[in-house]
Amino acid sequence: MTEITSSSAAVLAGLISSKKASSVEITTAFLDRLEKLNPKTNSYLHFDRENSLAQAKKADQSLSEGTAASPLHGVPIAVKDNLTTTDSPTTAGSKILEGWIPQYDATVVRKLREAAMPILGKTNLDEFAMGSSTEFSAYGPSKNPWDLTRIPGGSGGGSSSAIAGHLAPLAIGSDTGGSIRFPSALTGSVGAKPTYGAVSRYGLIALASSLDQIGPVANSVLDAAMLQDVIGGHDPHDSTSLPDSLGSMVQSVSEADVKGLRVGVVKQLSSDGFQSGVKACFDDTIERLAAAGAEIVQVDCPSFEYAVAAYYLILPAEASSNLAKFDSVRFGLRVTPEGNPTIENVMAATREQGFGPEVKRRMILGTYALSSGHYDAYYGSAQKVRTLIQQDLAKAFIQADVLLTPTAPTTAFKIGEKVDDPLAMYLNDIATIPANLAGIPGISVPNGLASEDGLPSGVQILAPAMQDGQMYRAASIIEKIYTDQWGASLISKVPDLEAL
Amino acid sequence: MAKEQLMSYEDAIDRFEVVIGLEVHVELNTVSKMFCGCANNFGSEPNTNVCPTCLGLPGSLPAVNRKAVESSIAIGLALDCQIAPTGRFARKNYFYPDLAKNFQTSQFDEPIAFEGEISIELETGETFMVPIERAHMEEDAGKLTHVGGATGRIQGAEYSLVDYNRAGVPLVEIVTKPIYGALDKAPELAATYVRAVRDIVKSMNVSDAKMERGNVRCDANVSLREKGAEKLGTRTETKNVNSLKSIENTVRYEIRRQAFILAGGGTITQETRHWHEDRGHTSAGRPKSDADDYRYFPEPDLVPVKPSTDWIDEIRLTLTERPALRRKRLQAAWGFTDLEFRDVLNSDLLDEIEATVSAGASPQSARKWWTGELARLANAQQIAVQDLAITPAQIASIQKLIDNGELTDRIARDVVAGVLAGEGEPAEVVESRGLKIVNDEGALIAAIDKALASQPDVMDKIREGKVQAAGAVIGAVMQEMRGQADAARVRELILERAK
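As you go down the protein sequences, you meet chains A and B in turn. So for the first sequence, this note's numbering puts the first residue at 1; every next one is plus one. So for the second sequence, this note's numbering puts the first residue at 501; every next one is plus one.
Errors might be hidden in some of the hints.
[What the hints assert, rightly or not] Covered by chain B, per the in silico footprint, the following chain A stretches (three or more residues, Cβ under 8 angstroms):
id	region
1	9–19
2	202–214
[What the hints assert, rightly or not] Going by beta-carbon spacing under 10 angstroms, a handful of chain A positions derived as facing chain B:
id	residue
3	Ser321
4	Glu344
5	Tyr426
6	Leu427
None of these hints come from the bench; they were simulated from the model. From the three backbone atoms N, C-alpha and C, an ideal C-beta is built for every residue, glycine too.
Only chain A is shown next, with the shape it has when bound in the complex (with noise of 0.2 angstroms):
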């Protein structure tokens, strides 16, 4: 069944709608792989198989009885772990979750159920999604497909696994500041982060809820298109979500024309601090694309220099608030000292225990910047910063439909090279923060292998807010560039895994 687990997403919607597969053939062809490779690769914490088949059973039945739910009827999914379900422990990759069975689903997997795609499991993820490589899961790090002694990215390296290993033809991922895009671009996938709202974030696991955005991984932008258009829209849960819908994904995909096309190259993220083979692809891209007929033009976001440093105030700030709900009291673990321990002593006994050690490193920064005598200077000016960088995003929009960056400056690196050095770490998202903080989508998409190591690279492309179709169009002009050089994607020159 090797042809179904290398399909895309829309080969294989197409094969159930069209009656030459059924889910449950299809389903099984995933799970049997998973099964077999998951040791391998850890993409996923808790998969069962019982339970994703029977969902494949009924979106058979359904569709033999009536009309196709969506456009991905019966197509399995792979959910990140920090997404409610209730048929399925979620465990936002933290011992403090562990074993947890939530009470409701999240907006997005009510989606899926909706959609008839059947879950096929819950993918790793660095702990709280704190990390861009997932060596900080409390359950081990996932490993890149390309590469077995590598990380997949993070935090969301066991959804891109799952697709870069074919374990999973699509995914959900979510993305605070590249948790989605930066481990696609390790992985030759593509990973959307949506405008801020276009998806709601009811039943995400929050880590810091000005910044999280829920988006598709996948195969191809059609794939990728399709799911957003299946998870996007208004939700009354979320005050957040927009209230308009986007439009088609998928329609503003076949609508991909280069001619006229205004690409903005940012200054700030297109010249020093990227691995060579990295750079040497993003320039082939942009030659590529003046060659087809777009035009490009060089914008200059200065405040960008600053982006990586306000994130890491905003973030750990809103984060040490969304974590404090975790104390034993209602839910997830509880560690109850020797003695007669207070409250206070089995709060703060299961939050030692509970928590690793990055996400203790972020909550103590984020109660810092937010204590009284500080707040002004620290989550203060770094609001300020998102102002400015708003303002030059708006800026150069006026002179770009989109704007190109590397999508990470470096392709996987080896487990355990950064996880020592925090500061190296954060760097890994300096060109995907800018979209969170600006509430902006971006997506990435594989743009070739790095010369020096010939492991995958992604250009990302940035669109105004609300603009994803534009977004989605520039991308798969860009896809359908490489596809017909390649004569197929980058991920169909994944190693065999079985033979790794």
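Guided by the hints, dock chain B onto chain A, whose structure is given.
Below, chain B alone, put in the same frame as chain A:
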């Protein structure tokens, strides 16, 4: 705990200037909670009105209750506040097991209403303008019950139970500016102000406003300074005082306690305190300093509330008459003396009497029913008079039967008892219990004759001018008629007979 020493109230007032500040929490009576769709319902089984949001489960998000915002704006307008065109919620971060998220979603630097005032009339007729700093929206916490231990507090308890039904119930917190110059009237002003706020929220029907249920709770801040001093003294904050009488007592006690300490050269500890109505004193709670750090920051899960001017104007139109104005109007219309009217207010019976009057009873008869017989009955059952199972309309119809001479006052009380016993409407009770006055003169004369037969000397005594002798016959007749006769008419008939 050793009883604290106090200065006499008169000496304390002579020597120090009192400054008070009042924070009143009003629980709104919206159908659902502040940030989720759970029922806002007092008295349900514990932890039944809960959902992922008010339990603070991972992944849950708040959504603002529009009706709660409307009620908050109405309260702001009633207190002559300005309404903020845009207001953000904020998170107040602290760990406590009754707080599901370990932060309270509140408003910090952008309250929905600010800069208001309210005129308060004291018993002497003197009026005081109380300046309002702000009224802001927030959510209530869950309810903790500490089991075991001596104090009923969390310290020393064996274990504690949490009921999250109250978690997320909408609250409006109304904060005054410091109130200067109330002098010896400070305790009365505090209680009268809280009563005024309670009356306002009750009359607008935005809160059930039952203090005994905690729908309206007051934190009373008290500080003293030497007369003429500019700097404010250190204040204490007595939390959750929940009756008008307790508010007055709390402020009075704190004045006396602080005065004793200050006069002895001591310093006041800035702290929260608790009022014990049974023992008549406050006790120290936790020390509180201005350095308490709640790490407030704007709530990123909610978009700002932006009430349009149209909406605010619409709410303004729905505002009911100010309770103070209404009281003035009703006292004038009813012609009650100050004493009678104060009695009505103190028993909280304005609404009932007004309803009884509009159902046709005279104001005086309505007043007598509610402050008299009905208050007595309620008191005997230890319930609020409002909770008696009889309506103002029923009282008015009973009064009408009296006015028409169909019932005597005494028999009317039997009718009330029948209504309270669930025997139906007054007319049905009169019928079923056979309580109609006997107006049949033939029957009365027969009864009189029977009575006279056993007391033959009465007629002579009357004729000799000893009219009071008729009393014995009247008594006998009333007994014969089982009370259902008009005693005055019986008397007339006897006197006629004697002529």
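Tested hints:
Remark: the region 9–19 of chain A is not confirmed as covered by chain B, as 0 of its residues place a Cβ nearer than 8 angstroms to a Cβ of that chain, below the required three. Counting residues of the region 202–214 of chain A whose beta-carbon sits less than 8 angstroms from any beta-carbon of chain B gives 8, enough to reach three: the coverage restraint holds. With a cut of 10 angstroms, the hint placing serine 321 of chain A at the interface with chain B holds, because the nearest CB-to-CB distance is about 5 angstroms. Because the smallest distance between the Cβ of glutamate 344 of chain A and any Cβ of chain B comes to about 8 angstroms, under 10 angstroms, the interface hint for this residue holds.
The interface hint given for tyrosine 426 of chain A is violated, since its Cβ lies 21 angstroms from the closest Cβ of chain B, which is over the 10 angstroms cut-off. The beta carbon of leucine 427 of chain A comes no nearer than 25 angstroms to any beta carbon in chain B, farther than 10 angstroms, and the hint placing it at the interface is violated.
In this structure, the earlier hints numbered 1, 5 and 6 are contradicted, and the remaining ones agree with it.
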